[in-house]
Amino acid sequence: MTSLIQAQNVSEPPLSLRFPCVVRWGHCECLLFDQIHVAAAVPPCDASSGSRIPRAPHATDGASPVFLAGLLLSLAQLTLIYISLSGEYFEGHRPIPFLIAIIFDERPNALSSQYTIPLRVAHEAECLARKISRGNKPATPGSRASQELNDASRLIVSSSLHTRGLLQSALLSQLPRGALMAFAVTGLTLEQALTVLEAWQALDYTDDIATPMNTLLAEVQAAVPTDSGPDTSTSRSTPTTRSSQGALNPSARAAVLSIRAPREDVQTKRKHPEGSDGEPPEGHDPPPGGNTRNAKKLKKDKANLKQALRDEVALGVTSHLAGVVGEVASVVQTINVYQAAATLESFFNGEQSRADINTEIKTIINACKESCQIASVAAVKAVCNWMRVARVVSASGLSPHVFYSQEVQLKGFDKLVARQTFVDWHDNGMKCARLAYGGSIYFVVVLVLACGRERVKNIHKDEVIKFSHLIRFADPKNALTETDKAAVQLIQKSIFPAMTIIRKTWKVDANLIFGRQFLQKYGFDDALDLTDLDQSDKFFGGYQFNTFDYPPREHAPWSLELENFHMQSLKAKVYETQFNSLHEENMKPPFEKGGNIHQAVRDKVWKWTEDRRKEAEKEKPCMSHKGLKARLRNRYDAKGVRKNPDSYIHIHRKLADERPLQLLDSNGKNLLLWDATMPEDLRDHTLAAVKAAMSAEEGHMNRIDSRLRGKDGRMESLHFSTYNRMHTPGDDFPKDAYPYMVRRYRGDEEIRTNHNQMTPYASMDLVENQAIYNGLVMALKPMFEWLFETVKLNMPSEEIEALEIIVERMPLSTTSPFHPWSSMVVNFRAITPAHRDWSDKNLCGVFALGEFEGGELVLYEPGLIIPMQSGDFVIFPSARTTHFNLHCKGSRMSFVFKTDLAYSRWVKNMNGFEDNAFMPPFATTT
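All the letters of the sequence shown, read from the start, carry residue numbers 1 to 926 under the UniProt record's numbering.
Hints are computed from structural coordinates only; laboratory data are not their basis.
All residues carry an ideal CB built from backbone N, CA and C; glycine is no exception.
None of the hints are false.
With a straight-line Cα cutoff of 27 Å, these simulated DSS-like cross-link-like pairs (lysine-lysine) come out:
| id | residue 1 | residue 2 |
| --- | --- | --- |
| 1 | Lys711 | Lys607 |
| 2 | Lys604 | Lys889 |
| 3 | Lys571 | Lys669 |
| 4 | Lys573 | Lys643 |
| 5 | Lys618 | Lys629 |
| 6 | Lys369 | Lys507 |
| 7 | Lys588 | Lys604 |
| 8 | Lys573 | Lys629 |
| 9 | Lys643 | Lys607 |
| 10 | Lys507 | Lys538 |
With beta-carbon atoms standing in for the labels, derived distance ranges:
| id | residue 1 | residue 2 | range |
| --- | --- | --- | --- |
| 11 | Thr814 | Lys507 | 37 to 45 Å |
| 12 | Val907 | Glu716 | 29 to 37 Å |
| 13 | Arg703 | Val402 | 47 to 55 Å |
| 14 | Asp681 | Ala527 | 38 to 46 Å |
| 15 | Lys507 | Glu680 | 28 to 36 Å |
| 16 | Glu851 | Asn644 | 29 to 37 Å |
| 17 | Ala771 | Ala879 | 30 to 38 Å |
| 18 | Arg714 | Leu901 | 21 to 29 Å |
| 19 | Arg709 | Cys372 | 45 to 53 Å |
| 20 | Thr481 | Lys618 | 35 to 43 Å |
| 21 | Thr814 | Lys369 | 18 to 26 Å |
| 22 | Thr814 | Glu615 | 43 to 51 Å |
| 23 | Glu454 | Arg707 | 46 to 54 Å |
| 24 | Gln535 | Val402 | 28 to 36 Å |
Put together the whole structure using the sequences plus the hints.
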């Protein structure tokens, strides 16, 4: 429930608000989603008073641009604002909707060279909004115009820019359209912009922000024409400083508004989280001063607030933290923890061994292994030294900057280390000490071995506090949300056992890590045992964390053992069928091919799918191998076509859960491979790791009932793909020219040459979602290994080799984590209507995951129903088989592994560049 706030034309200090809220200026509404200060805004002129709304020279088609010079600042945050204007406000003029983004970075010099791209994006979004506004009526929710408007907002939000760069470019270059998207202003003139800048400049900012704002204001003042009018000539000679806030000109002073708290008779009563008893949400302070009635109400609510002590400890796992947990847990499963622990023991005892060297490749392998081991040891040593720095600074009672000035700089040690480097060491040490306080020194070691010290350094301090809290209280009874449960499960099954292995193999000697004199200085003797959790808490609890201490531990996690996954894949039971996948009747799809483009065709496909679903749902499962063999024998006619298109074979899952099941067509090619034998521990780990990486609270794993959602229920997808479709062919390029220097012409006119697609390229989803992609690849690594073994063991060699040769010839000679496929598509709420994946090469793999009922995969032409459950894997020819899902209840994801069919051109002749002088040939394989 959003709070509703009326803007008053008064001049008072800006107030901190409760968010989300709706801010109104007359008939204009702004929906604010985050905690910001609404500092200044010029109210729209009242149409009834006869005053005019300022208009820009480019106003056309009767659409009046709105002068809403709102100054809505969000420091180091992204705030989306949706502004909708009622038609009545303009007395006959059509309203213009806007979706804008305000971005302000507290680092004034960062990203200043990147503002040109956001300006272009903002311009495109504004043009799209204007195009929509020229229609006969305003955009309604769910309409195409509304969708286009949402697309416009994504254009703006997708580009991170620095507000200062945008303002400076927009104002000083005097854009022809006069648009300043960062102020949510259309038709803003230089004079009007200067008024807003002066109001902005009057706000109480620190020098690092105020100084560039003053510089920008001076530049804008210089750009304003001298005949701007009497109001500007008297007050724009010099930039106003923070110390002269009262010297603003009248128009600037009038622009500074505040948002008053609403009266209860004009506001819907605010709702707060359950149990809050009227208190504002955590992190949102009540506004200072303001309405007396509200202040009394807050005081009364505080008096009525009750405290209750509970056994459960709230974990508050964020999506990012859950992703880190998933990454660490998955890495622990893939590294040799025993060997790493033994290496640490050897290093700290001064007994490093050298690997035996026999052959050249073995020398390289051993050298790589040794360097990795040394790097791991060095990372652990660096972490321990950071904690020493942090302890010294913490014990002094000084801030790191003051400590550096007094204890480093004055003593002449500043030549050894720069100030910022020393401060970074301190900050990193405090992070590691807090993590050790929550989970012991062994938890820090596991983090470093799994992620590297750079990753540990880059964890934000807020996440460090939460991570330490989570590892300290990682008990199932404390897991109150799905994200909590996933994180706790990964910690207990992977991280705690890894800590146990390292503790058993390497007994930490505090004297060797921190130094005897160092420990004695802070009251610890040679007997300090960091493997004892009570002594560990006493040591790391002595750091000055400026946050809550922990209560005593209830138990230690050392008894848990690391259970390695049983990765052995099984040979499938194979059935040969008479189905001819290459017969023309089976090759022809049962519906029009343009089903993903035209709405009328989509509706027909949906109806066709619903009819087939009703037929398939009537089938009873085939419970035995004998029965399956008999039904397959009588299923197809002499041509290899299904005799009865209305009947299906529903294969019971027990036929594939002890040993994979494979069906071959009449040509000996794979018709279906269904493997339901994934070990239970690997299933659980994969589901928990994906939940953590994707965050169950982001809506990706919400429960659905696809039957109730109907044809309008949308499946969301992320295409982590490498494509070669729509590539730039090199057949006509000069053979001796570097392709990136070639331009194409049509007659005398140059046409666009897409140099980015001369070789296979990454999809936009992969480019824009690197963090999600990396997290998923890391979380799914054990699953990928199991799938690869299943594929190699059971698939016809010629079909797999056709896919592998593509992976082997990818640019940069890199491989694919989805080997033998080049791409992975992640589907959320994965219930699909009937379709064929025309752009897939050969075989497609589908891995189902989630907690659901139903969702069976149906292969229409062969007439097969596969009741996949979470952790099941299916391979079939998706390009020449019509397939769809039956209806499903629950949360269902699917991971689809595929290779772009157009990749064949790259393998054949490098997209036509094989004879180019700058293109070396592929390596030959035997």
